[in-house]
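Novice: One letter stands for each residue in the lines below.
Protein chains: 2
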Amino acid sequence: MSVTAAKGYLASGLHAGIKKSGKPDLALIVSARLASAAGVFTVNRFRAAPVGICQERLRASGGRARAILATSGSANAMTGEAGRRDAIELSRVAAQELRVEEHHVLVASTGAIGTRIRLSLESAKKAIHIASGNMGCTANSGLAAARAIMTTDTRAKQAVARFCDGATKFAVGGMAKGVGMVAPKMATVLVFVTTDAEVSPQKLQAALIGAVGPTLNSISVDGQMSTNDTCIILANGAASTRPLSSSGYGKFAVALKEVLGSLSRQLVSDGEGATRLIEVAVRGARTPAEARMAVRAVGDSMLVKTAIYGRQANWGRIAQALGACEELHFIPERVSVKVGGYAAIRGGLLVPVSSAIQRALNAGLVRIEIDLKAGRHIAEVLTCDLTEGYIKENAGYLS
Amino acid sequence: MSVTAAKGYLASGLHAGIKKSGKPDLALIVSARLASAAGVFTVNRFRAAPVGICQERLRASGGRARAILATSGSANAMTGEAGRRDAIELSRVAAQELRVEEHHVLVASTGAIGTRIRLSLESAKKAIHIASGNMGCTANSGLAAARAIMTTDTRAKQAVARFCDGATKFAVGGMAKGVGMVAPKMATVLVFVTTDAEVSPQKLQAALIGAVGPTLNSISVDGQMSTNDTCIILANGAASTRPLSSSGYGKFAVALKEVLGSLSRQLVSDGEGATRLIEVAVRGARTPAEARMAVRAVGDSMLVKTAIYGRQANWGRIAQALGACEELHFIPERVSVKVGGYAAIRGGLLVPVSSAIQRALNAGLVRIEIDLKAGRHIAEVLTCDLTEGYIKENAGYLS
Chain B
6 MSVTAAKGYL ASGLHAGIKK SGKPDLALIV SARLASAAGV FTVNRFRAAP
56 VGICQERLRA SGGRARAILA TSGSANAMTG EAGRRDAIEL SRVAAQELRV
106 EEHHVLVAST GAIGTRIRLS LESAKKAIHI ASGNMGCTAN SGLAAARAIM
156 TTDTRAKQAV ARFCDGATKF AVGGMAKGVG MVAPKMATVL VFVTTDAEVS
206 PQKLQAALIG AVGPTLNSIS VDGQMSTNDT CIILANGAAS TRPLSSSGYG
256 KFAVALKEVL GSLSRQLVSD GEGATRLIEV AVRGARTPAE ARMAVRAVGD
306 SMLVKTAIYG RQANWGRIAQ ALGACEELHF IPERVSVKVG GYAAIRGGLL
356 VPVSSAIQRA LNAGLVRIEI DLKAGRHIAE VLTCDLTEGY IKENAGYLS
Chain F
6 MSVTAAKGYL ASGLHAGIKK SGKPDLALIV SARLASAAGV FTVNRFRAAP
56 VGICQERLRA SGGRARAILA TSGSANAMTG EAGRRDAIEL SRVAAQELRV
106 EEHHVLVAST GAIGTRIRLS LESAKKAIHI ASGNMGCTAN SGLAAARAIM
156 TTDTRAKQAV ARFCDGATKF AVGGMAKGVG MVAPKMATVL VFVTTDAEVS
206 PQKLQAALIG AVGPTLNSIS VDGQMSTNDT CIILANGAAS TRPLSSSGYG
256 KFAVALKEVL GSLSRQLVSD GEGATRLIEV AVRGARTPAE ARMAVRAVGD
306 SMLVKTAIYG RQANWGRIAQ ALGACEELHF IPERVSVKVG GYAAIRGGLL
356 VPVSSAIQRA LNAGLVRIEI DLKAGRHIAE VLTCDLTEGY IKENAGYLS
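If you read the sequences in order, they're chains B and F. In terms of the working numbering, the first sequence opens at residue 6 and continues consecutively. In terms of the working numbering, the second sequence opens at residue 6 and continues consecutively.
Treat the hints as calculated values from the structure; they're not laboratory data. Careful, some of the hints might be misleading.
Copies of the same chain look alike in the list, so a pair counts if it fits in one copy or across any two.
What the hints assert, rightly or not - Cross-link-like lysine-lysine pairs, in silico, DSS-like; alpha carbons within 30 Å at most:
1. LYS378 to LYS24
2. LYS130 to LYS12
3. LYS24 to LYS343
4. LYS28 to LYS130
5. LYS24 to LYS208
6. LYS343 to LYS25
Predicted model, so just to flag it, every value in this text is computed and none were measured.
Please take these sequences and the hints and turn them into a complete structure.
Specialist: As structure tokens, this is what we get:
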């Protein structure tokens, strides 16, 4: 149950012929009525064709959409005008099949950069016709769509939050894919969320931006930023005849954060080759930017990530990563670090490794808490360990 | 032949008892006469005790030194006052043994961060007495010293340059250790260079800074910066009775760059788990800082490094790394990239993979040339691929 949890949404997924493996590669999500729509996209300058198209259409439609068409197997990035035509053509086929306006169809793609979507117009028409016929509102339909956007993901990612309190009643459901090129801002991720709450496009965009900050923008697998990152939310208001009240909107914002938070954890857990999660929390930074700099320096450090993988109490690597940030203000002799709640560095000195902290290193989630004692700002990032699995996955990805 | 190539230097290396493995862990380099001395050190805020001591002594002596004492097996970083006393004690023992001023002994350490040097005063005295007695000016003595500073290095790194033109005659020899935490500024590296040219401390420092920029500061293994990076050069003037002429100084600067360049290549070749070298060159950047930002973004990208390891013509990963630099100015549609001299990206689009470029991917050194077409500034970095070997090495380092 994910994008079909909210009322008035249909979804399906199938193999259209893009992936040579024969695995599902096309997902369709449709709202029974015109929905408010909002999106957050990659800021990579080599953004993929579908990213640009979504941004244009959301602007042109004033934040309204009916459907999302997502393909996996090709990123459709660095494909120039031809790639742009491919994406528009696909959305046109979907619009004709669903009998909706072309600019109400949002598109997204994921896969290797620089390859075009290998799908003739004939095959596309056939696949989208079948996908449209197969659409359902069951948990299985949602799962089929979630599976169809996977690349090196080992499992589908789905999350749902429901709220019901008298007249205020809604569901928020989402699906995601991730694994490599996952870093703030925006994991290399496609995320699609649907809700049956009634929310205006402007409020929907505001809620999305608020929810993405502590969730999708606070995770990292390898510090790399994809050309295709896309998070789209549709709100069709099918749950109620009235717009959300102000307090109802607050509940909705919380539910959205919950769904994106769950998907973010699932994304990092399934990071390429990851065996365990690492949570890096910084406090006492002089500015918000410095707090983010510090969590990224530690969270993206290959030495910290391999140490956690090897269950090594090698805290010097944490200090090394902090100390190397030339623009980070702190006094080394005041820094303290806890791992799993136990002191690892105190007053800039390593604390002898206890058996308790060694046990904390064996947990599925290792939390590293850093206090810079230079101010009052905080930041957090969720990442994973770096293992031989990541190397294998990425050395062989195109072969 | 390395630090003993220049006249008037003696060296030795032995197992003093710091490393549990019984491998050599103490190196001694001594100039027969008081030498000009200059150094470049880590800018990591968690700098190790010996780094601070070297900086103080070079200042106090006006850039003069007689000996370098280096140990491996413990970084002596994050060891506080106790670590500082350890380092001073060791240098005092060496000064007494060699009958030189204590502040003319420079010290350096490498190994795991946060551990103290496990050596009693008794053992230190004994070891330094033997090291002093074993000192020689042969190639074997230089090699023994180079071996005694190795940690996860698989081979000793040495380089020599000689110049002889009438009255101007000198040798420059160096040794180094590296492998992990190798990134600008300064590889995690100990580098010791000796020359018998007569150069004033001021000119020596200037030549060193000039030579470090394009060599030690332009290499990277994992984008991490050590707490111990140290490069020291001694110039004792034993080759001649006169200071270098202005043109002789130019020749000396070239020779020094040659020695540090050779050591840099050796350091990256022996990067943890590395199988091949990657040279990233950027031109057409708007500013020098942006040129450096671009080479680092590509050279430190785990996705680029694993692609080269897997011989994957996955150029989209190069674009991804560039596009993610928010502060880098360029127009994606103008960017071109060559790999091994063959076009990989042209006008922002991927060029179909030819068999020639696929062959270039099999070479021991893969050169990636990026033209941002946004200005006239250039930068280069030498790095290595990322393999399972790096993970194994770093997940198990302390075990």
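Novice: Regarding LYS28 and LYS130, is the shortest C-alpha distance of 30 Å or less found within a copy, between copies, in both, or in neither?
Specialist: within (18 Å within a copy, 69 Å between copies)
Novice: Which holds for LYS130 with LYS12 at a C-alpha limit of 30 Å: within a copy, between copies, both or neither?
Specialist: For LYS130 and LYS12, only the intra-copy Cα distance (27 Å) is at most 30 Å; the inter-copy one is 80 Å.
Novice: Within a copy, between copies, both or neither: where do LYS378 and LYS24 come within 30 Å Cα-Cα?
Specialist: For LYS378 and LYS24, neither the intra-copy (51 Å) nor the inter-copy (35 Å) Cα distance is at most 30 Å.
Novice: Given identical chains, is LYS24 near LYS208, meaning Cα to Cα at most 30 Å, within a copy, between copies, both, or neither?
Specialist: For LYS24 and LYS208, the Cα distance exceeds 30 Å both inside one copy (37 Å) and across copies (63 Å).
Novice: Go through the copies and call it for LYS24 and LYS343: within, between, both or neither, with a Cα cutoff of 30 Å.
Specialist: between (45 Å within a copy, 28 Å between copies)
Novice: Between LYS343 and LYS25, at a C-alpha cutoff of 30 Å, which is it: within one copy, between copies, both, or neither?
Specialist: between (47 Å within a copy, 29 Å between copies)
The structure does not agree with the numbered hints 1, 5 stated previously, though it agrees with the rest.
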